[in-house]
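Trainee: Build the complex: two chains, separate frames, hints provided.
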Amino acid sequence: MTERKPRIVAFCCERHGMDAAVLSARSGRQYDASVRLVQVPCTGRVDGIHILQALEDGADAVFVFGCLEKNCYYDTGSIEGRKRVGYVKQMLSEVGIEKERVEMFNAASTNAWAFPEAVGKMVEVAKKLGPIGGGERQ
Amino acid sequence: MIVAKRKPLNEIAEMLAPYKKVTVVGCRSCVAICLAGGEKEVKMLVSALKLKAKKEGRKQHVEGFVVERQCEKECVAEVQGKILDSDVTLSMACSLGAQTIGDMYPKHLTFPGLNTGIFGVPEEQGVWSEKCVGCGNCIIHTTGGICPIARCAKSMLNGPCGGSANRKCEVNLEVDCAWAAIYDRLKLQNRLDLMEQLTPAKDWSTSHAGGRRTYVREDAKLTPHQKKGKEAVQ
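Protein chains in written order, with this note's numbering: chain G, 1 to 138; chain R, 1001 to 1234.
Bound conformation, chain R alone (with noise of 0.2 Å):
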């Protein structure tokens, strides 16, 4: 899932200062999995803000919605009155849900309450660690079903670089080395021959260094007519 992190209050206190009327929008999704936007989060900030605004003297209308899926226009439609009506929108969603609500309403000022991370699993309670960065052509079933672009740190393809000591990385003495728990997994499968195998240079075009990328299903995309009376009926 993607997990994100509440920016510092202050900073989004600083944001919101100048306007009067501001609405606050979370998602019930990934951001509330992770404990930075959904419901309770949400109620949180409002009344952080409401107080901060109490204390300064200061007169400014917060209020708190949470959509279910804050990148899907439906469900940002859902709340499209309370958007309108306020002066900014703060998004409690990744940068996604923000940018959704962005291009709904281009003319509104819609700004980021979260700050995007990573593409991580909850390894513990409160804990979430990166383990894809999205490269756009997976290799895991070569690696023992762990990706090295994602958990290594200089995101190497061929085992470890000359740094990696006592298992660990020397990047961070705190990571484990993603290629000795490659070792482990391929040796748990009886797969070690797999560590011998080259991997040829990653092709990056399928990342994003290859630019904006867009996912299209031509069977999901409605044709024009489908289009037409989708139209009709909303």
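Isolated chain G (complex conformation) (with noise of 0.2 Å):
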């Protein structure tokens, strides 16, 4: 029998996030291919209901990737992203989901080795829970 593979959405600003993910395979380093990635223009852009919607559409981790708190390119958006993550964890939380399926990861565009490191993380938290409600994945 196959190992069922994890299925992940990375939410990732187009500055230091996607810069950082870039690096990361031009300098050849490897990640799991079950990741999906979702470029928006900012961490502060990502809205609570983007993250519980991806889990609604059967990810089994989420996460928001972008720019370090004090370097955000658009100054503040690092730190909102950071609160909608944890308002989605409370409410996640109340309903009995485990709150570790949705994370933050904060990298300058230079830290090519952040990226892998956070969806190494977050396969390894979507292979540990597995999918919402059990069961295959639709």
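Among these hints, one or two may not hold up.
Unchecked claim - Under 10 Å between C-beta atoms, here's a sample of chain R residues computed to sit facing chain G:
id : residue
1  : 1040
2  : 1043
3  : 1046
4  : 1203
Unchecked claim - 30 Å max Cα-Cα, derived BS3-like pairs, lysine-lysine:
id : chain 1 : residue 1 : chain 2 : residue 2
5  : G       : 89        : R       : 1107
6  : R       : 1107      : G       : 99
7  : R       : 1131      : R       : 1107
8  : G       : 89        : R       : 1230
Calculated directly from the structure, the hints in this document are not laboratory data.
Where is the CB? At the ideal position from N, CA and C, for every residue including glycine.
Mentor: Shown next, in the form of structure tokens:
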């Protein structure tokens, strides 16, 4: 029996987040191919509904990947992103879903290791927890 | 505006658990401004409820809609079909909205998704504070524009109580004493003489203590003839 592949969604800001992800690929680092990248102008643009919708549509885990908080291209976008991730985590806890399924990561554009590391952590979480509600993914 | 807060999700989920078809109705007025029951909050709640049902392996159809003002029958009527087509409606408006749906469709179940809190104003982003209790007889022209009924824990009318110290309220040391604020404001307006004027005991019959209140503006009411015409159009 083949091992089921986890489904991960990554919301990446188009500045440091995306640059770090691209740099990781250019520098030959590998990460799990099950991750789906969604490029957003800024992590401050990511709303709770985007994260919940991704989970509802079948993602096992979702993460938001953006600039370092004190080096955000749009100054406070990463802080907004973190706050929204925190709110979604709280909502998930209230309905009995593991809040670890949602995370926020920050990186500088030169951190080639950061994106594969974030993907690795989320793949681990997704494998440990499995799909929401169990059973096969749709 | 009316400020409300979403009930804990587990409480909402528990209320809705026995029902297969749920319609969530939000409101674009006060509760949208206070980030409790607007478009975004309804979508997030619907999503969270769907995830919970999925997690528990239950089949529950949840759909969300938002109306302009849930306290007005005309606005609620726009989603009448969706309301009546469900087993239960969860109102994401203040209690006025929830009761409007309940009054319009008395046989249908309508549950509250929010806890209605205060008449408040946004002090800063994400912070709302109470400034009126709707007592029905406004006196803020004598108190420098600051309401002692809403902002003083004891609703004192003639200056601070003995518990006021260092400009803070004895009930909650985080809260400023309303009468310290009133004194400052009157001083700024050069109207400190008002501090010495005695205000008699308040007539609370205009507040909720006098029972359910109804406000009527006779000139705005429809005559029987006008009502008949309106009904014919509808």
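Trainee: Against this structure, judge whether each hint is valid.
Mentor: Hint by hint, here is what the structure shows:
no., hint, result
1, 1040, "holds, 6 Å"
2, 1043, "holds, 5 Å"
3, 1046, "holds, 9 Å"
4, 1203, "violated, 44 Å"
5, G:89 x R:1107, "violated, 37 Å"
6, R:1107 x G:99, "violated, 38 Å"
7, R:1131 x R:1107, "violated, 37 Å"
8, G:89 x R:1230, "violated, 49 Å"
Taken one by one, the earlier hints fail for this structure at numbers 4, 5, 6, 7, 8, listed in ascending order.
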